[in-house]
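Visitor: Below, each chain spelled out in residue letters.
2 protein chains.
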Amino acid sequence: MATDTDIEEGTAFIPKYDADGLITAVVTDAASGELLMVAHMNAQALSRTVETGQAWFFSRSRKQLWKKGESSGHVQRVKELRVDCDQDAIWLKVEQAGAGACHTGRRSCFYRAVPIGTKGEVTLEFIDADKTFDPNAVYKK
Amino acid sequence: MATDTDIEEGTAFIPKYDADGLITAVVTDAASGELLMVAHMNAQALSRTVETGQAWFFSRSRKQLWKKGESSGHVQRVKELRVDCDQDAIWLKVEQAGAGACHTGRRSCFYRAVPIGTKGEVTLEFIDADKTFDPNAVYKK
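Just so you know, the sequences run in chain order C and L.
Under our numbering, the very last position in the first sequence is 142; numbers go up by exactly one each time.
Under our numbering, the very last position in the second sequence is 142; numbers go up by exactly one each time.
For reference, chain C alone in the conformation it holds in the complex (with noise of 0.2 Å):
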């Protein structure tokens, strides 16, 4: 059994799934540093970008392996993959190809903004929220 020494201090990669087996993955431009997306990686997809230095995911809503750009062609290759403290997050810079990460057609799933110091209700504010490519056209619905 690890201890946290060996967890945080150490060098062995030890990744820490929840108990639905998922680590989470923050994904931000190499170049730019902008964060694009946040997902999900089961065991499997982990290692396949690891191994490839192709962005995998898992699905949670399809419940299934995803290559990142696989539908779309906005592949992520990445130029350097992190794990935190306790190793329970995964961090890929990437290089994105296309015009985005986000399924709506925006380059950064982080288009709205929860303005700060709001009591009750919260209206979001769109920012950075122009479509980069037509997601229709992309997905082919």
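The hints are simulated quantities; they were obtained by calculation from the structure and are not laboratory data.
Treat each hint with caution, since some may be false.
For identical chains, the list gives no copy identity; a pair is met inside one copy or between any two copies.
[Claimed, not checked] Quick list of in silico lysine-lysine cross-link-like pairs, DSS-like style, CA-CA up to 27 Å:
no. : residue 1 : residue 2
1   : Lys120    : Lys68
2   : Lys80     : Lys132
3   : Lys80     : Lys141
4   : Lys132    : Lys17
5   : Lys120    : Lys17
6   : Lys120    : Lys141
7   : Lys64     : Lys17
8   : Lys64     : Lys120
9   : Lys120    : Lys80
10  : Lys64     : Lys141
11  : Lys80     : Lys68
12  : Lys17     : Lys68
Since the structure is predicted, the reported quantities are computational estimates derived from the model, not experimental observations.
Fit chain L to the given chain C structure using the hints.
Guide: Coordinates of chain L only, in the frame set by chain C:
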């Protein structure tokens, strides 16, 4: 019941919590863009963060609400808060007080890289791993 369009293209804030009542929170440095940490929020942590502009989380290990920096003094002032397309992840751009965000004594929790292109056993590589503060002193263990 909110439709996908409401959730993805609307201005209503409808955070989607997982089965444990948690949502993923990604924290970056507002100035440098560096990824500092990944944590989780329950509804109470999220409301307090929105209302106060200070980062609050929910600790899965300690099972309690947690104001970032309450022991260390390393609080996080939220400069901008964003939500992703399906509203199951939150992005905090913060001004990090003190020497770092990581309980191990480092600025970022992501101080080890996973080499890409490896099959089988993986050996982590320390990167940006210098300690910026002494956790034993700061947390008075």
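Visitor: Now tell me, hint by hint, if it's right for this structure.
Guide: A quick look at each hint next to the structure:
In this assembly of identical chains, the alpha carbons of Lys120 and Lys68 lie at most 27 Å apart only when taken from different copies (18 Å versus 40 Å within one copy). Taking the shortest alpha-carbon separations for Lys80 and Lys132, both the intra-copy value of 25 Å and the inter-copy value of 25 Å come in at or below 27 Å. For the homomeric pair Lys80 and Lys141, neither the shortest alpha-carbon distance inside one copy (29 Å) nor that between copies (38 Å) is at most 27 Å. Taking the shortest alpha-carbon separations for Lys132 and Lys17, only the inter-copy value of 23 Å comes in at or below 27 Å, while the best intra-copy value is 35 Å.
For the identical chains of this complex, Lys120 and Lys17 are inter-copy neighbours only, at 19 Å across copies versus 36 Å inside a copy, given an alpha-carbon limit of 27 Å. Proximity of Lys120 and Lys141 under a CA criterion of 27 Å is satisfied in neither setting, with 41 Å inside one chain copy and 35 Å between copies. In this homomeric assembly, Lys64 and Lys17 come within 27 Å of each other (Cα to Cα) both inside a single copy, at 19 Å, and across copies, at 17 Å. In this assembly of identical chains, the alpha carbons of Lys64 and Lys120 lie at most 27 Å apart only when taken from different copies (25 Å versus 36 Å within one copy).
With identical chains, the CA atoms of Lys120 and Lys80 are at most 27 Å apart between copies only, with a shortest distance of 17 Å across copies and 41 Å within one. Within a single copy, Lys64 and Lys141 get their C-alpha atoms as close as 21 Å, which meets the 27 Å cut-off; across copies the closest is 44 Å, which misses it. Taking the shortest alpha-carbon separations for Lys80 and Lys68, only the intra-copy value of 16 Å comes in at or below 27 Å, while the best inter-copy value is 33 Å. Taking the shortest Cα distances, Lys17 and Lys68 sit within 27 Å of each other both inside one copy (21 Å) and across copies (24 Å).
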